[in-house]
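Chemist: Letter by letter, the chains look like this.
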Amino acid sequence: MTNAVTPTVDLHNAVVLSGGFPLLSGVDLQLLPSSLTVITGANGAGKTSLLRLLAGLVPLSGGSGTVAGVDLANGDLRELRRRVGWLGHEGSFYDDLTVRENLTFAAKALERPLIEIERALQRVGLSNRIDTVTKKLSAGQRRRLGLSWLLIRRPEIWLLDEPYASLDDEARTFFDALIADVLRSGATVVISAHDKLKSEALQPRTIVLGGGRIVSES
Amino acid sequence: MKQLSQRLFGPLTLIAMGATLALGLWVVPPDQVQGELGRLVYIHPSVAWVALYVSFGTSAIASALYLWKRTRSEVMDRVAYCAMEVSVVFIALTLITGSIWGRPAWGVWWVWDARLTSSAILGVLALGYLALRRANDDVQLRARRSAVFAVLVAINVPIIHFSVQWWKTLHQGATVFTSNRTLLIHGSQAWTLLISFIAFTMLFFWLLRYRYRLEVQRENLAGASLEEALASRRREGTQ
Amino acid sequence: MIRTALLVFKKDLRIEMRSRVLLWQVLPFGVMALLLCGIALGPSHAGNSSAGPGLFYLVTLLVALLMINRSQSVEKTPGTKASVATLGLDPAGVFLGKSLALATELWVTGIILLGGSVVILHTSLHGAILALPSVVVTLAALAVAGTLYGALTSGGDGAATLLPVLALPAFAPLLIAGERSFSAALNHGGIWRWWLILSVALSVYTAIGILLYGVLEES
Chain A
1 MTNAVTPTVD
11 LHNAVVLSGG
21 FPLLSGVDLQ
31 LLPSSLTVIT
41 GANGAGKTSL
51 LRLLAGLVPL
61 SGGSGTVAGV
71 DLANGDLREL
81 RRRVGWLGHE
91 GSFYDDLTVR
101 ENLTFAAKAL
111 ERPLIEIERA
121 LQRVGLSNRI
131 DTVTKKLSAG
141 QRRRLGLSWL
151 LIRRPEIWLL
161 DEPYASLDDE
171 ARTFFDALIA
181 DVLRSGATVV
191 ISAHDKLKSE
201 ALQPRTIVLG
211 GGRIVSES
Chain B
1 MKQLSQRLFG
11 PLTLIAMGAT
21 LALGLWVVPP
31 DQVQGELGRL
41 VYIHPSVAWV
51 ALYVSFGTSA
61 IASALYLWKR
71 TRSEVMDRVA
81 YCAMEVSVVF
91 IALTLITGSI
101 WGRPAWGVWW
111 VWDARLTSSA
121 ILGVLALGYL
131 ALRRANDDVQ
141 LRARRSAVFA
151 VLVAINVPII
161 HFSVQWWKTL
171 HQGATVFTSN
181 RTLLIHGSQA
191 WTLLISFIAF
201 TMLFFWLLRY
211 RYRLEVQREN
221 LAGASLEEAL
231 ASRRREGTQ
Chain C
1 MIRTALLVFK
11 KDLRIEMRSR
21 VLLWQVLPFG
31 VMALLLCGIA
41 LGPSHAGNSS
51 AGPGLFYLVT
61 LLVALLMINR
71 SQSVEKTPGT
81 KASVATLGLD
91 PAGVFLGKSL
101 ALATELWVTG
111 IILLGGSVVI
121 LHTSLHGAIL
131 ALPSVVVTLA
141 ALAVAGTLYG
151 ALTSGGDGAA
161 TLLPVLALPA
171 FAPLLIAGER
181 SFSAALNHGG
191 IWRWWLILSV
201 ALSVYTAIGI
211 LLYGVLEES
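Chains as they are written, first to last, in the working numbering: chain A, 1 to 218; chain B, 1 to 239; chain C, 1 to 219.
These are calculated hints, taken from the structure and not from any lab test. You can take every hint at face value.
The calculated lysine-lysine pairs, modelled on DSBU-like cross-linking and capped at a C-alpha distance of 35 Å, are: (1) C:Lys76 x A:Lys136; (2) C:Lys10 x A:Lys135; (3) C:Lys81 x A:Lys135; (4) C:Lys76 x B:Lys69; (5) A:Lys135 x C:Lys76; (6) C:Lys81 x A:Lys108; (7) C:Lys81 x B:Lys69; (8) C:Lys81 x C:Lys10; (9) A:Lys108 x B:Lys69; (10) A:Lys108 x C:Lys10; (11) A:Lys136 x C:Lys81; (12) C:Lys10 x A:Lys136; (13) A:Lys108 x A:Lys135; (14) C:Lys76 x C:Lys10; (15) A:Lys108 x A:Lys136.
Work out the full structure: start from the sequences and follow the hints.
Modeler: Okay, structure coming up:
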């Protein structure tokens, strides 16, 4: 007898509206633990909107779904946000605080030991920028700040919005290794990208969005 | 039974308003002190009563019910919004009738009197509510923010009232009762005033009902547009 | 709630001390506004100390609007909003922390503008010192109310112009109570009524903020 694995993400005909415009027009999606899924599509296809829905950052306007056990229609979205890890392409936390101050603020908010900050920064290669004001970091460094926070939090779902943008080859290799580690720990990882992932280390499931819904997958 | 009472409400409101106007403008004798100008007493206080208590109160209660999860519904949001829109109309009427009354009595269209000033402030708050509604397209976001603001407005009513009252007052004192509850006006004047309060309250609820219906129709139209928008969006994915 | 409030309070003050928006933008605006008040009164009335309290509070209200906007804008850049949302902070704590930080900034500004009204508008120094307790409470009430109204308008269309429309009518009683208690301090008048207004407003806004800030944040 086998035990069915409960999906971490389970969406049925999910619709997200913004000012009456359907960002997502009916998405059916199931994701399992320890899985890597890449969401691709043209600009405006709904990639970021789907990730934001999964993160509890936008409300569900139609259909149904659960993410990390939280009902998107009726559940506590604040609780959902505490369970997911979000890495946006706009950067993270407060521009006028240093790397150390931002991570200390976040660690104290979630009652994580402060020692983990230095370990995480070492892992992502930002230790030498620990006292740099965030707005002075490059785009890639800001993304690494966001990653270091996810390493401290260790959420069960990682939602990464275009994480490979503006990364050089070395950074991409490092990133692939990090994702492989995260998958081994049992987390569900969802990445949005303009193109399919060109990685030898990772074998993701690829979903193509178009017009706010899934048009193909492989 | 419900449909019958709904159908009768409009004609009854019309009769009550007609009675107010007929009694107030022709039947009741003019005021001893203010003469014909005193006939505004059958309009201005009733309109103010509806503006500041009935309509604001309706909007605030509906908003509070919307904020409470057990009673949260689109109906409450619509009632709160429509009541506040009608409230703006009644506040405007309060200020206009107050100015018309004040000009001959005080010599100017506007004085820094406690009640007029409070009414003006509350009028701007009501307009602010409508501005807040227009600032957000997202239905749930708009409903939540409007509900919180309406509750804040309701709480502000006594704070504004007492602060302005203690600041200054030129207004006519109590119109109907003295502070120890002795009736100030009598006979036909008292009855006409009572009828005017009832008539304008009925007018408010009649306007609210029709404004609510209009809002439902507008939302139905938006819903139909949503189906088209969804279909159009899905077609993008196949092109 | 208290732990979150202290965390957010320190964070907001740290951001302000680093960015120095208060020092380089808000205070100069406040001082210029006081000067404009004197100019608007005309040369023969510019040093009229009886107008001092009202003008002090009028300028403080305008300054408060700028600071409320600033307090909210810090949270609303897209990256900040999303990443902080994942922290799941207690909204009541966030409300108290931001209100306290805003109140602290308003107190600093208020003391400087009070000095400005003594110098520029010839308000009595002795009266200004006596009025200090009521100024502190009025500005605290402004901060608490402002944090609520700021959250109501942030992120929407025309947020910067919507805030004054919503907040200024609600600030009117605070302006009245503040000005009356300041004038009473100058003229040794009775002030219990104004303290009542201020205390009720401060308590009510604090209670509403603790209860409903979560609803606004969820928005």
